[in-house]
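*Asks:* Line order of the protein sequences matches chains A and B.
If you're matching positions, the first sequence starts at 3 in my numbering and goes up one per residue.
If you're matching positions, the second sequence starts at 14 in my numbering and goes up one per residue.
Quick caveat, the hints were computed from the structure, so don't treat them as lab data.
Among the clues, some could well be false.
What the hints assert, rightly or not - In silico BS3-like pairs for lysine-lysine, Cα to Cα no more than 30 Å straight-line: (1) A/Lys343 / A/Lys296; (2) A/Lys192 / B/Lys294; (3) A/Lys228 / A/Lys311; (4) A/Lys88 / B/Lys294; (5) B/Lys52 / B/Lys187; (6) A/Lys71 / B/Lys294; (7) A/Lys296 / A/Lys46; (8) A/Lys119 / A/Lys46; (9) B/Lys22 / B/Lys187.
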Amino acid sequence: MKTYTLILAIALFFASCGNSSSDSVDLTAAGATFPLPFYNVAIKNYSSTTGQSITYGGVGSGGGIRSLKDKVVDFGATDAFLNQEKESEMPAEIVHIPTCIGAVVIAYNLPGVEGLKLSNENLQDIFMGNITSWNDEMIAATNPGITLPDLSVTVVQRSDGSGTTYIFSDFMSKISTSWADQVGRGKSLKWPVGIGAKGNPGVAGTIKMTEGAVGYIGSEFAFAQKIPFAEVENSAGNYILPTLESISAAAQGEIPTDTKVMLTGSSDPAAYPISGFTWIILYKEQNYNNRTQKQAEETVRFLSWLIDKDAQALAQQVHYAPLPEPTVAQARAILGSVVYKGQALSK
Amino acid sequence: MISSERVVKIVLFLSSLLIILVTAGMVLSLMNGSIPVFKEIGLRFIISSQWNPTEGSEEYGAMAFIAGTLMTSFIAIIICFPLAFSTSLFIGEYYSGTRIARIVGTLVDMLAGIPSIVYGLWGFYVLRPLIVDLGLNAQGFGIFTAGVVLAIMIIPYATSISTEIIKMVSSDLKEAAYSLGATRREVILNVLIPNARSGIFTSFVLAFGRALGETMAVTMLIGNANIIPDSIFGAGNTMASVIANQFGEAEGLKLSALITIGLLLFVITGIINGIGKLIIKKFNS
Chain A
3 MKTYTLILAI
13 ALFFASCGNS
23 SSDSVDLTAA
33 GATFPLPFYN
43 VAIKNYSSTT
53 GQSITYGGVG
63 SGGGIRSLKD
73 KVVDFGATDA
83 FLNQEKESEM
93 PAEIVHIPTC
103 IGAVVIAYNL
113 PGVEGLKLSN
123 ENLQDIFMGN
133 ITSWNDEMIA
143 ATNPGITLPD
153 LSVTVVQRSD
163 GSGTTYIFSD
173 FMSKISTSWA
183 DQVGRGKSLK
193 WPVGIGAKGN
203 PGVAGTIKMT
213 EGAVGYIGSE
223 FAFAQKIPFA
233 EVENSAGNYI
243 LPTLESISAA
253 AQGEIPTDTK
263 VMLTGSSDPA
273 AYPISGFTWI
283 ILYKEQNYNN
293 RTQKQAEETV
303 RFLSWLIDKD
313 AQALAQQVHY
323 APLPEPTVAQ
333 ARAILGSVVY
343 KGQALSK
Chain B
14 MISSERVVKI
24 VLFLSSLLII
34 LVTAGMVLSL
44 MNGSIPVFKE
54 IGLRFIISSQ
64 WNPTEGSEEY
74 GAMAFIAGTL
84 MTSFIAIIIC
94 FPLAFSTSLF
104 IGEYYSGTRI
114 ARIVGTLVDM
124 LAGIPSIVYG
134 LWGFYVLRPL
144 IVDLGLNAQG
154 FGIFTAGVVL
164 AIMIIPYATS
174 ISTEIIKMVS
184 SDLKEAAYSL
194 GATRREVILN
204 VLIPNARSGI
214 FTSFVLAFGR
224 ALGETMAVTM
234 LIGNANIIPD
244 SIFGAGNTMA
254 SVIANQFGEA
264 EGLKLSALIT
274 IGLLLFVITG
284 IINGIGKLII
294 KKFNS
């Protein structure tokens, strides 16, 4: 409700003081905060070259879905795709367009320790509270040659609901049956151990200030802030450091045509396993709420640009992995199915 | 012609009515939002300490947050009381009217104007490492850390009001006591405090109310673990803090659970104020 009012206020503001010439439209969007740095730089770039004004509100995936449901935005954005049930709750058919790939890194604060490796079993034991000290022999076994300090483990998690938590818990549910049974997946969880901090900055700050802390952070934030993070065991048994290449590799496999898939636990041997798409969601039939054809066209034009080379290069600048070619082709096909009064829009 | 007297009356009436309407509206919308919780969980919501937002095994209870809220607020008021009470005696009685009292008074008032995020940052970067160094807690986050910062935050509220109350005690009474040969300590204990106690008590009830609802600084320091704290140094969460943290991505039953926590916080604040009023009545009778 709050989100709705906020967006309405923003919309009204722009409607009242934006340029009122009849042939230009303003686009509004709202949703996930995870891809916010990418969307911000992309929109800025797009607006300066095309003159098209777009407002994106980083209100969280839930807020983005609600706004689209209430039909107050041109498109929404979410880090977790809408499952069959959630999609059926929407007033009309929607489509998912992947825009880039992000990852969740396991950040740690261990003085004097570099290049920490964590096996799937280590991750399970640390985040479920079975391992309480860093010099535990289980961690030592995955890190031969590294002297681990006698520090107690402090797990740091997100206290706010977040797509980052969703991707992390989805991965954990895939690698550990006890995690899947006792904790499960979701944007916020019932944590067995640890302390919570708000947002990526909160978690990163708490880890930085606490010796022995370990937690998960969005890769775009960790890369930008140069926070030390661990190599994580992937499904091929390789220890992979999150980089734009290894994150991108997570999407190399078979992707379903609607792109609705979690990339965690990718089977690619070079893939970083805690990776995930982030999506833009919009209505397949763009004629709703008195939207003009122009508005529908501009929406699709922007989204086609967003998945194209120029924008994907921008994504890398702000530390997101670009979509692989086959996924871009799939996203283009989905965008091509978007219509206005039944007529195709994209070219 | 409407007389100006009448106009004033109408304006005053409408303003008071507006306040009543706003309060009633808030309570109603909170109650409306909490209907799903009472339908699906019932009164168990209040006593259960389970908080599991994971789809499929959803379970909500407010007890962990009620416990966290009351524990941090009580720690805050316990630490706040001696400091605020002595400061108000200092400003209002011992050094009343002097330059130093004015300076201290202004500083205390300034404390009230500092945004809570600043207290949170101070707690995070200064107090928390100190608590770790003292060995009270391994990472420094927890009920106690949050309580200490809350105490500092509510000191100005308690101090300002107490000072005014102490200043208001009639000087005739005090001088009468002095003329009978009472010492300063005796005047304070036997004349000043008995006369001012209900007002002083009110100031601490107000300060307590403020501690109950504080959000930002608490979120940064309490550890945000949705459990009943195992000790006063353990991590926990408060009602206001869990609402602020989880509201963004909440929907369905979880959203309703958060709104219900808001309603409960409203009720608890009401109860505390009610108890306060009762005690004040006792004092005055």
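*Asks:* For each hint, tell me whether it holds in the structure or not.
*Replies:* Quick rundown of the hints versus the structure:
no., hint, result
1, A/Lys343 / A/Lys296, "holds (12 Å)"
2, A/Lys192 / B/Lys294, "violated (45 Å)"
3, A/Lys228 / A/Lys311, "holds (26 Å)"
4, A/Lys88 / B/Lys294, "violated (55 Å)"
5, B/Lys52 / B/Lys187, "violated (60 Å)"
6, A/Lys71 / B/Lys294, "violated (53 Å)"
7, A/Lys296 / A/Lys46, "holds (20 Å)"
8, A/Lys119 / A/Lys46, "violated (38 Å)"
9, B/Lys22 / B/Lys187, "violated (40 Å)"
When each numbered hint is compared with the structure, violations occur for hints 2, 4, 5, 6, 8 and 9.
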